[in-house]
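K.L.:
Sequence:
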Amino acid sequence: MWGNGGCAANGTAQHNFLREIASHGFLVIANGRPNGSGSTTSQMLTQAMDWAVAENSRQGSVLNGRIETGKIAVGGFSCGGLEAYAVSNDPRISTTLIFSSGLLNDADDYQLRRLTKPIAYFIGGPSDIAYPNAIDDWGKLPAGLPAFMGNLNVGHGGTYDQPNGGEFGRVAVLYLKWRLKGDRAAGTNFVGPNCGLCNTQWQVQQKNLTLDGVDVSPSPGVSPSPSPAVTPSPSPSPSPSPSSGGTGGCSARYSVQSQWNEGFVAAIDVTAGNAAINGWRLSLTLPGGATIVSMWNGVNSGTSGTVTVTNQSYNGRLAAGQSTNLGFQGTGSGAGASVTCTASDLRRPPGGGVTAGRDLGPGPPWSWRPARAGTDGTA
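Here the sequence shown stands for residues 1010 to 1388, numbered as in my numbering.
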């Protein structure tokens, strides 16, 4: 069961990646219709499981008796990974796969505490916008839970669009063969200090992983990571925006960090001019049809058109030449936005700002915080 990037209702959004998995004898169900529009919820993953179980027992179904309903995996990319988290406690699920995703904030940590089945993370390395949240989730997993994390430095876009899903497709197949088909040879790619992915372009961490009931994993750690041997999927390059500034002023630079069919993640750098400032205010003009879903490290007054963004309490004061970062997830295309910066004395009360009715709070630079799938918003 698969949650698409951006929680988009396009079941073929990651088709190269998903077809590679299906070609190895797995039934793959992705949320949404082929080339569909709109958004999805985590409930659709549950409905997909219900349908598969029913078809396996329905007389006349082409899938009758052909599905191993006791071996089900749920996974998702980016916002779709949040959908996977949301249903990971379903007793029918054998394992969860999180691709370039991480929980929104501490209030969602209950989804980690209730995990009882093996989990695997496949992240695009430190350049992945989801990396800080995924690492935070990793550190909060329940004691004793079997877990694998692999980081490949290809960024948030992964390798899904490459032939056969690229390197992400290859390792996903190996992991599913191990967890769902009991393929011990495939499992050796993930278990132990000399695992197949260890000491390769992948950066590996392991917790409580075993083969044949024998724990051969090292204490949690990170293996050396040579330069990646996989070419990342093309993604839009950062596009500098017009800037404002001068003595005592500030400038801003806008860039698209990740773009998928119906959504994007954007970053903004704010830099003080030749003098210190006590606060800043941005005028952000979004492309036609684009809307802001959620923002971190800034407070937005609107969601479309020309939006005013002001600093949080913790990042308004900047020394001369000092920079701070903010970002947001949006729907539509992020290309062509522009931003200008004006220094101000704006002060905010202590604590995080409120966006889309939720306290997002301060987060690490470029932390990824979309609206939570299946509740108050999807992207």
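One should not assume that every hint holds.
To be verified - Below 25 Å or equal to it, Euclidean Cα-Cα: the simulated DMTMM-like pairs (lysine to aspartate or glutamate) are:
no. : residue 1 : residue 2
1   : K1216     : D1118
2   : K1216     : D1059
3   : K1126     : D1099
4   : K1149     : E1064
5   : K1126     : E1077
6   : K1216     : D1099
7   : K1216     : D1192
8   : K1080     : D1059
9   : K1126     : D1115
10  : K1149     : E1077
11  : K1186     : D1117
12  : K1186     : D1170
13  : K1080     : D1115
14  : K1190     : E1077
15  : K1080     : D1145
16  : K1080     : D1192
17  : K1149     : D1117
18  : K1216     : E1064
19  : K1126     : D1170
20  : K1126     : D1145
21  : K1149     : D1170
22  : K1190     : D1059
23  : K1190     : D1099
24  : K1186     : E1064
25  : K1149     : D1059
26  : K1149     : D1192
27  : K1186     : D1099
Claimed, not checked - Quick list of simulated restraints, FRET-style, between CB atoms:
no. : residue 1 : residue 2 : range
28  : D1059     : R1123     : 16 to 24 Å
29  : D1059     : N1287     : 53 to 61 Å
30  : R1193     : N1044     : 21 to 29 Å
31  : P1202     : D1118     : 25 to 33 Å
32  : G1330     : R1042     : 45 to 53 Å
33  : N1208     : G1341     : 16 to 24 Å
34  : D1115     : G1298     : 18 to 26 Å
35  : A1285     : P1202     : 28 to 36 Å
36  : N1203     : R1123     : 28 to 36 Å
37  : A1031     : T1294     : 37 to 45 Å
38  : T1294     : P1172     : 49 to 57 Å
39  : N1287     : P1100     : 36 to 44 Å
40  : R1193     : R1075     : 17 to 25 Å
Derived from the structure by calculation, the hints contain no laboratory data. It should be emphasised that the depicted structure is a prediction, and the values quoted were computed from it without experimental measurement. The beta-carbon is built from N, C-alpha and C at its ideal position, and this holds for glycine as well.
K.L.:
None of the hints should be skipped; say for each whether it holds.
P.N.:
Tested hints:
no.: 1; hint: K1216 / D1118; in the structure: holds (19 Å)
no.: 2; hint: K1216 / D1059; in the structure: violated (31 Å)
no.: 3; hint: K1126 / D1099; in the structure: holds (10 Å)
no.: 4; hint: K1149 / E1064; in the structure: violated (37 Å)
no.: 5; hint: K1126 / E1077; in the structure: holds (17 Å)
no.: 6; hint: K1216 / D1099; in the structure: holds (22 Å)
no.: 7; hint: K1216 / D1192; in the structure: holds (19 Å)
no.: 8; hint: K1080 / D1059; in the structure: holds (14 Å)
no.: 9; hint: K1126 / D1115; in the structure: holds (21 Å)
no.: 10; hint: K1149 / E1077; in the structure: violated (31 Å)
no.: 11; hint: K1186 / D1117; in the structure: violated (30 Å)
no.: 12; hint: K1186 / D1170; in the structure: holds (22 Å)
no.: 13; hint: K1080 / D1115; in the structure: violated (30 Å)
no.: 14; hint: K1190 / E1077; in the structure: holds (10 Å)
no.: 15; hint: K1080 / D1145; in the structure: violated (28 Å)
no.: 16; hint: K1080 / D1192; in the structure: holds (13 Å)
no.: 17; hint: K1149 / D1117; in the structure: holds (11 Å)
no.: 18; hint: K1216 / E1064; in the structure: violated (36 Å)
no.: 19; hint: K1126 / D1170; in the structure: violated (29 Å)
no.: 20; hint: K1126 / D1145; in the structure: holds (19 Å)
no.: 21; hint: K1149 / D1170; in the structure: violated (31 Å)
no.: 22; hint: K1190 / D1059; in the structure: holds (21 Å)
no.: 23; hint: K1190 / D1099; in the structure: holds (19 Å)
no.: 24; hint: K1186 / E1064; in the structure: holds (22 Å)
no.: 25; hint: K1149 / D1059; in the structure: violated (30 Å)
no.: 26; hint: K1149 / D1192; in the structure: violated (29 Å)
no.: 27; hint: K1186 / D1099; in the structure: holds (21 Å)
no.: 28; hint: D1059 / R1123: 16 to 24 Å; in the structure: holds (20 Å)
no.: 29; hint: D1059 / N1287: 53 to 61 Å; in the structure: holds (55 Å)
no.: 30; hint: R1193 / N1044: 21 to 29 Å; in the structure: violated (39 Å)
no.: 31; hint: P1202 / D1118: 25 to 33 Å; in the structure: holds (30 Å)
no.: 32; hint: G1330 / R1042: 45 to 53 Å; in the structure: holds (51 Å)
no.: 33; hint: N1208 / G1341: 16 to 24 Å; in the structure: violated (42 Å)
no.: 34; hint: D1115 / G1298: 18 to 26 Å; in the structure: violated (33 Å)
no.: 35; hint: A1285 / P1202: 28 to 36 Å; in the structure: violated (50 Å)
no.: 36; hint: N1203 / R1123: 28 to 36 Å; in the structure: holds (33 Å)
no.: 37; hint: A1031 / T1294: 37 to 45 Å; in the structure: holds (42 Å)
no.: 38; hint: T1294 / P1172: 49 to 57 Å; in the structure: violated (38 Å)
no.: 39; hint: N1287 / P1100: 36 to 44 Å; in the structure: violated (54 Å)
no.: 40; hint: R1193 / R1075: 17 to 25 Å; in the structure: holds (24 Å)
Taken one by one, the earlier hints fail for this structure at numbers 2, 4, 10, 11, 13, 15, 18, 19, 21, 25, 26, 30, 33, 34, 35, 38 and 39, listed in ascending order.
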